[in-house]
Structures are given as structure tokens and as C-alpha cells.
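Asker: Basically my numbering = 1-based index in the sequence shown + 95.
Check the hints yourself; a few may be wrong.
Unchecked claim - Distance ranges between label pairs, derived from CB positions:
id, residue 1, residue 2, range
1, T339, P271, 15 to 23 Å
2, R201, G246, 19 to 27 Å
3, G384, N248, 43 to 51 Å
4, T195, E103, 30 to 38 Å
5, L143, P225, 24 to 32 Å
6, A383, D167, 40 to 48 Å
7, L256, F301, 23 to 31 Å
8, G369, K104, 17 to 25 Å
9, A340, F144, 27 to 35 Å
10, D138, T114, 31 to 39 Å
11, A107, G384, 45 to 53 Å
12, P252, K104, 15 to 23 Å
Stated by the list, open to error - Below are the SDA-like pairs computed for lysine to any residue, each with C-alpha atoms no more than 20 Å apart in a straight line:
id, residue 1, residue 2
13, K212, P99
14, K208, Y179
15, K212, N248
16, K208, S226
17, K212, R249
18, K208, D254
19, K104, T219
20, K104, G300
21, K104, N248
22, K212, G244
23, K212, G298
24, K212, A102
25, K212, G300
26, K208, T339
27, K212, E103
28, K104, G209
29, K104, W174
30, K212, T228
31, K104, D254
32, K208, R262
33, K208, R337
34, K208, P264
35, K104, S218
36, K212, T339
37, K208, D167
38, K212, A180
39, K208, R147
40, K208, A175
The set of hints was computed from the structure by calculation and includes no laboratory data. Positions of the beta carbon are idealized from the N, C-alpha and C atoms, including for glycine.
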Amino acid sequence: MSRPLDAEKLLAYRVPAATDDYDPRDAILYALGIGAGLSDAIDETSLLFERRLQVVPTMAVVLGTPGFWAMDPACGIDWANVLYAEERLRILQPLDPSGTLVGASRVTDLADKGPGKSALIRSTKDLHTPSGTMIAEAVSTWIVRGGGGFGGNRELPGDPLPELPDRDPDLSVDLPTSLNQAAIYRLSGDRNPLHIDPEFARGVGFDRPILHGLSTLGVTARAVIHACCASDASRLREIAVRFTAPVLPGDTIRTLIWQDGQHVQFRAEAIERGVRVIDNGTALCLPAGQA
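Throw the hints in and build the complete structure from the sequences for me.
Answerer: In C-alpha cells, the structure reads:
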């Protein structure tokens, strides 16, 4: 049974700093965990071959993160009811194929939708080199089902992601996910049992394990890189999404794209089930030669 989150405990909680030494094997494993190489319509050798490796920019969300820290009892969250609501990522420098990066995460804002309803948690992670050079900033929003009723503000501060244009999309990219994609993705650090344990998934209201929201983010990032960045991953410098429904491993994800120069907007749907899984997506793709 869900319970209101403990706002005082959560705001006082210090997310452990995390240092990651990573290499091409880790970057390739991450790419596999977001479905790279599953589509024969797209050549993604550059994401999977160490001799000319490009790192998918969304790997920044798993680097410098101490795993699924909501599972720590000290933070006051009923972690079994946590789902991703939104992710915003800004890349200041492309990720090298190997290196050492440090992540400093902190809880910044809470919202209370009312007793018996949801709570929202926003956290920010700064990812930097050991010498202090900023590489990326990731802002995550979680929804805690049944976590409301602690007496906070009803809305998070800041502007919502923009609405999509009222016209047909300019581009469409279909990318498959695999039945074992969640099993692969969790090897990059998110060990939430919701994504691997059928009994646990049923216990929190799902028919079976669902794909990590941040793996779905990676799928749509690949679609944008292919369609708008000429398959040059280093050109993708910003991406933000609102998650609207879970993806099931094995779904095919159709990303519908509206492009206005460097600025991209998109949404995504699971084709077979007719379910919108991402909405209000935005991205920034630098022009060729400026990455």
C-alpha cells in the first residue's frame, strides 16, 4: 500500500556522489540497452564498434549516478511506486569513448497532488570531470503513485515542455525494442526490480516488467540522431521528454518529428498497442561541423 512521501526527510537527504570510470565496453553496453543495432534500416555501427565509437549522448543519464537511489530508506520514498515523469538533458561537451566522470545529484523541488494522489520529485545531476569541467546537466522528474498528502505545493516551478505544432510531422522513424532490452539496460546501473521481476511488476499494478523510461528516452534520441543529425551523435546537445505511458519490451517505437532548423520537437508511440509513450519531446541538434 502506498504512503505519502516524507518531505522533510527527502529534502534533507544527500544523494551520494558517484564517480564512474567507463570505457568503450560500457558505452557499447549502454547503446545495446537502448536498442542500438536492432533495426536493419539504420546503420548504427558507430555506436557499437570500438574502433570508431561515438557515445550516445543520453548515456550521461546513467553516468555519475549511484544507481536507483530512491531505494535507500533514508530518503523517505515509497520507491516501489516511483515512475519517471520527465527527463531533461543538456550536453555541454560530447562524451568521450572512455573517461572518468563525477555526478553530483540533489533533490530540488517537490509537488503534492493531494491525499491518495501522486507526488512529484525533481532532482538535478551535474556531471563533470574530476577537474571540474562540466559535461552535462540532467533534470529528472519522478512521479510517486500515492505519495501525495504531505502538504506541499501542487505544481513544480518552471515552465512546462512546449506543445507540439498543430500540423503533420515532418519525419517518422520506427525503431524496435527487444524482449531482453530491459535486462540489458539495467546492467548500466538501474536495478529497479520493476524492469526484470514479473512478480514484483504484478505487485505494483503491471502485467509484466516494463522498459526503463530512460531506455525509452534513448530510443527516441537514436531516432532524432538518425533523422535530424545525419547519424552524428555528437550533434545532439539537448533532449527533453515527458513520459506518458510505459513501453513494454518488444514494442516498436514510432517517433514522430517536427523540425525547425536546429530545433526539434517529437512524440513517440508504441505502434502495436496504439499507445503514446512520450509527448512534448524537444531536442537541439547542432549544424554539421559545429559539434
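Asker: Measure nothing beyond the straight line between the CA atoms of K212 and N248; if it is 20 Å or shorter, mark the hint as holding.
Answerer: holds, 13 Å
Asker: Keeping to a limit of 20 Å between CA atoms, is the pair of K104 and S218 held or broken?
Answerer: Holds, because 15 Å separates the two Cα atoms, which is no more than 20 Å.
Asker: Can the restraint linking K212 and P99 be considered satisfied, given a maximum Cα separation of 20 Å?
Answerer: The given pair, whose Cα atoms are some 9 Å apart, holds under the 20 Å limit.
Asker: Taking 24 to 32 Å as the stated bounds, is the beta-carbon spacing between L143 and P225 within them?
Answerer: The hinted range 24 to 32 Å holds for L143 and P225, with Cβ atoms some 28 Å apart.
Asker: Go ahead and decide if the range 23 to 31 Å is satisfied by the Cβ distance of L256 to F301.
Answerer: holds, 25 Å
Asker: Is the straight-line distance between the alpha-carbon of K212 and that of G298 20 Å or less?
Answerer: Holds, at about 18 Å.
Asker: Checking one constraint from the list: CA of K212 to CA of G244, max 20 Å. Satisfied?
Answerer: OK: K212 and G244 at ~7 Å, within 20 Å.
Asker: Holds or violated: 43 to 51 Å for the Cβ distance of G384 and N248?
Answerer: holds, 45 Å
Asker: Do the alpha carbons of K208 and A175 lie within 20 Å of each other, as the hint requires?
Answerer: Measuring from Cα to Cα gives roughly 18 Å; hence the hint holds.
Asker: Next pair to validate is K208 with P264; report whether the Cα-Cα distance is within 20 Å.
Answerer: Given that 20 Å is the threshold and the Cα spacing comes to 33 Å, the pair is violated.
Asker: Hey, K212 versus G300, does the alpha-carbon distance stay inside 20 Å?
Answerer: holds, 15 Å
Asker: With a cut-off of 20 Å on the C-alpha distance, tell me whether K208 and S226 pass.
Answerer: violated, 41 Å
Of the hints listed earlier, those the structure fails to meet are numbers 8, 16, 20, 30, 31, 32, 34, 37, 39, in rising order.
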